[in-house]
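Top line first, the protein sequences correspond to chains A and B.
The opening residue of the first sequence carries number 171 in the numbering used here; numbering runs sequentially from there.
The opening residue of the second sequence carries number 171 in the numbering used here; numbering runs sequentially from there.
Wrong hints could be hidden among the right ones.
If several chains are the same, the list does not tell them apart, and a pair holds so long as it fits within one copy or across any two.
[As the list claims (entries may be wrong)] Computed list of lysine to any residue pairs in SDA-like fashion (alpha-carbon distance at most 25 Å, straight line): (1) Lys326 - Arg185; (2) Lys228 - Val399; (3) Lys228 - Glu218; (4) Lys228 - Arg602; (5) Lys228 - Asp601; (6) Lys326 - Ala389.
In short, the hints are calculated from the structure, not lab data.
Number of protein chains: 2
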Amino acid sequence: MDAALLAELRAILPRPGALLIHEEELRPYECDGLTAYRRLPGAVALPETIAQVQAILKLCHRHGIPVVARGAGTGLSGGALPLDEGVLLSLARFNRILALDPLARTARVQPGVRNLAISEAARPHGLYYAPDPSSQIACSIGGNVAENSGGVHCLKYGLTVHNVIALEVVTIEGERLSIGSAALDSAGYDLLALLHGSEGMLGVIVEVTVRLLPVPERAQVVMAAFDEVPAAGRAVGDIIAAGIVPAGLEMMDGFAIAAAEAFVHAGYPPDAAAILLCEVDGTNEEVSEHLLQVHDLLTRAGATQIRTARDAAERQLLWQGRKAAFPAVGRLSPDYYCMDGTIPRRRLPEVLAGIASLSAEYGLRVANVFHAGDGNLHPLILYDANTPGELARTEEFGARILQLCVEVGGTITGEHGVGVEKLDSMCVQFDRAELSQFHAVKHAFDTEGLLNPGKAVPTLHRCAELGAMHVHGGALPFPELDRF
Amino acid sequence: MDAALLAELRAILPRPGALLIHEEELRPYECDGLTAYRRLPGAVALPETIAQVQAILKLCHRHGIPVVARGAGTGLSGGALPLDEGVLLSLARFNRILALDPLARTARVQPGVRNLAISEAARPHGLYYAPDPSSQIACSIGGNVAENSGGVHCLKYGLTVHNVIALEVVTIEGERLSIGSAALDSAGYDLLALLHGSEGMLGVIVEVTVRLLPVPERAQVVMAAFDEVPAAGRAVGDIIAAGIVPAGLEMMDGFAIAAAEAFVHAGYPPDAAAILLCEVDGTNEEVSEHLLQVHDLLTRAGATQIRTARDAAERQLLWQGRKAAFPAVGRLSPDYYCMDGTIPRRRLPEVLAGIASLSAEYGLRVANVFHAGDGNLHPLILYDANTPGELARTEEFGARILQLCVEVGGTITGEHGVGVEKLDSMCVQFDRAELSQFHAVKHAFDTEGLLNPGKAVPTLHRCAELGAMHVHGGALPFPELDRF
């Protein structure tokens with residue numbers, strides 16, 4: 171990276187360790203959670219104040235240097251993959267909880283604060299922050315906003331966008347924007363929602379005000395085993411159709427169950443074709459009533475075994491198997507590729523059958539672990555990167571799964587974002603007019619395209635090269651809806 | 171309007187009554203619910219198909235003719251005020267429910283469908299559409315999206331943006347965009363949220379897919395009277411702090427109570443300083459439990475009278491007084507001006523005191539009716555348009571109320587939008603950088619500024635002329651938050 175530029179950056183960041191330029195210091199920043207893609211950044215900046223962020227962005231804007239913002243680096247789609255000639259802007263030192271208002275039930279925090287740390291700080295007030303991605307011990311709230319993260323409980327409590335009320339953002343020109351407010355709605359265009367899931371391409375988030383919720387009086391989990399996958403899929407529909415909104419409703423298939431059981435001994439029936447984990451929370455009475463209903467629905471749907479956690483320890487254990495499913499599957503294969511697509515709930519059985527037949531076609535094993543309640547699938551494709559051609563075959567298989575999701579009216583991402591990983595699948599989901607509109611919005615924030623270039627939204631050229639993959643164009647957007 | 175242009179419009183809209191150009195036909199379109207502003211459109215187009223909307227917009231784009239989209243014309247901030255040299259594009263003929271899927275709990279409808287008609291169609295399936303603006307008998311779902319409407323129940327069930335999952339939109343260039351999906355989240359920038367509350371300035375909505383909710387097993391309303399307003403304000407905070415999320419939590423002050431009581435005889439205590447209406451819904455057990463708690467909290471907060479509706483008829487009656495409050499107040503004065511601002515709940519007592527002192531300063535009476543649970547105020551300023559200078563004094567008073575809302579961390583609109591009415595107040599709420607960002611977003615959708623020009627976002631020039639009114643710049647966005 172240019173020496174004059176580095177000198178200017180050094181002047182903004184004079185403290186030792188605030189500007190990294192040597193290869194061994196840059197190495198930890200070469201990838202995020204999508205480790206298949208790696209690249210060394212030109213430099214890593216670790217500012218501590220909003221004024222420093224503004225100065226860095228102004229400087230990069232003046233010199234036309236690209237900037238990639240990074241939270242905790244736990245993203246799964248390569249959104250924080252650096253650029254060799256760019257600045258990697260780490261928000262790691264923005265790690266303070268600035269204010270917590272138990273009456274308004276809000277917390278104003280810096281973007282580098284860990285997701286779980288917010289709930290820990292809120293607990294003495296009987297409050298917590300609801301969205302809980304699996305990485306919540308490590309991931310940062312700024313990254314959660316950038317990817318619009320979900321989690322096991324987003325079925326009932328919504329995604330990050332539903333739990334954030336205000337942001338402070340710095341534009342590539344170094345301007346500071348206050349977005350949202352403590353009120354329910356804000357005047358002007360909804361930039362608050364627009365920033366969510368924008369993967370660092372519209373601005374750099376320097377402050378987040380989240381909504382907190384009261385810790386439910388009681389939470390209880392039920393595990394149900396099935397000897398065929400479609401029955402479990404139907405049970406999901408039955409629970410939702412009964413008007414119950416579980417706090418979480420997760421499914422694992424036989425392969426995932428066996429892997430998780432061997433790893434953490436959660437007490438899952440190792441020979442089941444599928445299990446459901448259904449959590450209900452609320453007041454004591456509400457939970458008791460819903461538990462009875464859920465038990466009844468699961469029985470009628472053909473569950474071969476139903477187990478209700480008797481205490482907090484058993485509840486933790488049942489969830490632990492689910493939360494450890496990814497690493498558990500990881501132990502069975504040199505590499506795995508975690509997909510993330512979302513489909514309308516009612517298409518679950520058919521999409522699972524489609525994935526099984528693709529698995530046979532590509533000769534690659536798949537473990538299915540997913541947020542069944544909201545139709546968010548996480549098929550894990552097992553492969554070996556050392557077998558020539560297997561990574562490419564895996565990626566093609568993954569793209570076919572996402573195409574299947576779009577075909578049934580779903581989307582190519584549930585909560586992991588697009589990053590570099592799903593650029594081609596964006597061509598499947600969106601047509602030329604829609605992609606052009608995304609580019610126009612990007613241009614409205616970042617005219618020169620300096621913020622995280624090459625991520626999230628593919629160029630029209632790239633889609634044209636891929637050929638006529640667009641799936642939904644011309645068709646009704648929801649062909650599966652019954653005529654009224 | 172230019173004859174050649176009219177001929178081209180006629181070619182797109184050949185059916186009788188689909189293109190209006192004579193003054194007596196144009197008259198009904200001269201204003202929306204904000205009747206203080208009136209203007210005749212150049213022509214009114216009443217298309218019936220999306221292809222016609224595309225053709226009209228393409229034509230207007232080619233000729234540089236401004237277009238104002240209109241739903242049912244019930245908006246309260248003049249968002250649908252026409253332009254003499256522009257086309258008023260009415261979506262009134264897009265009035266069909268296209269599909270209703272009880273399992274997915276969604277309805278795909280045309281934008282001219284009335285809000286209440288969706289719930290009526292869903293009722294046989296035990297479902298309903300939650301957002302319920304007071305105008306729900308008449309207002310259209312497309313207009314609800316354009317203004318991001320709320321209603322009595324949005325405290326628990328959210329605004330329009332939280333209840334819509336997909337839109338079909340036509341751009342000013344005549345391109346059709348599919349936004350959102352049947353899945354929980356979508357890839358790409360969140361254009362779905364961005365379109366909500368955009369007041370017809372980014373695109374024309376031609377199809378809306380809404381989420382439906384199960385009709386609650388039971389709903390019950392409690393009325394509580396107080397002999398001082400701050401006590402009622404504190405009771406609101408106490409209910410929320412207890413972890414109860416009422417389906418609705420409304421407040422009326424003494425003036426509004428007396429007016430409503432004289433009009434509909436709802437059984438409100440006519441000498442109370444304030445009443446609260448608190449509705450709880452859910453399962454039987456949940457409602458019973460919450461009713462006990464609410465009763466207890468209201469008693470401890472100093473309620474002088476508490477009444478729980480014994481049956482559906484009494485519940486309807488208690489709500490009827492609230493829903494008729496605007497016309498009831500209207501009977502007491504030649505004219506009234508309905509304000510719409512939102513504040514953090516805890517600032518209620520102080521803002522009400524501020525409004526009272528402004529009322530004395532301006533010598534204008536105010537009735538306060540509001541969604542107390544979410545801090546959305548609707549002060550009604552009584553005035554007489556025939557008294558010279560009184561309208562101007564009323565508007566200045568209104569602007570001072572909104573400034574007060576911004577000063578305590580709130581916003582200048584809760585659910586009525588900005589339209590032409592609150593352009594100046596936007597200068598109070600936002601600074602130069604933020605307004606510039608709004609303009610850039612507008613430009614990303616409508617480069618020539620042909621969609622509903624002059625609404626929602628003021629020019630920087632206009633704000634500069636108003637002088638240094640900006641309130642939040644420089645200060646912390648949430649000065650009221652306790653230090654952690």
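Outcome of the hint check:
no.: 1; hint: Lys326 - Arg185; in the structure: neither (44 Å within a copy, 48 Å between copies)
no.: 2; hint: Lys228 - Val399; in the structure: neither (54 Å within a copy, 50 Å between copies)
no.: 3; hint: Lys228 - Glu218; in the structure: within (16 Å within a copy, 50 Å between copies)
no.: 4; hint: Lys228 - Arg602; in the structure: between (32 Å within a copy, 17 Å between copies)
no.: 5; hint: Lys228 - Asp601; in the structure: between (34 Å within a copy, 19 Å between copies)
no.: 6; hint: Lys326 - Ala389; in the structure: both (13 Å within a copy, 21 Å between copies)
Checked against the numbered hints listed earlier, the structure breaks hints 1, 2; every other hint is satisfied.
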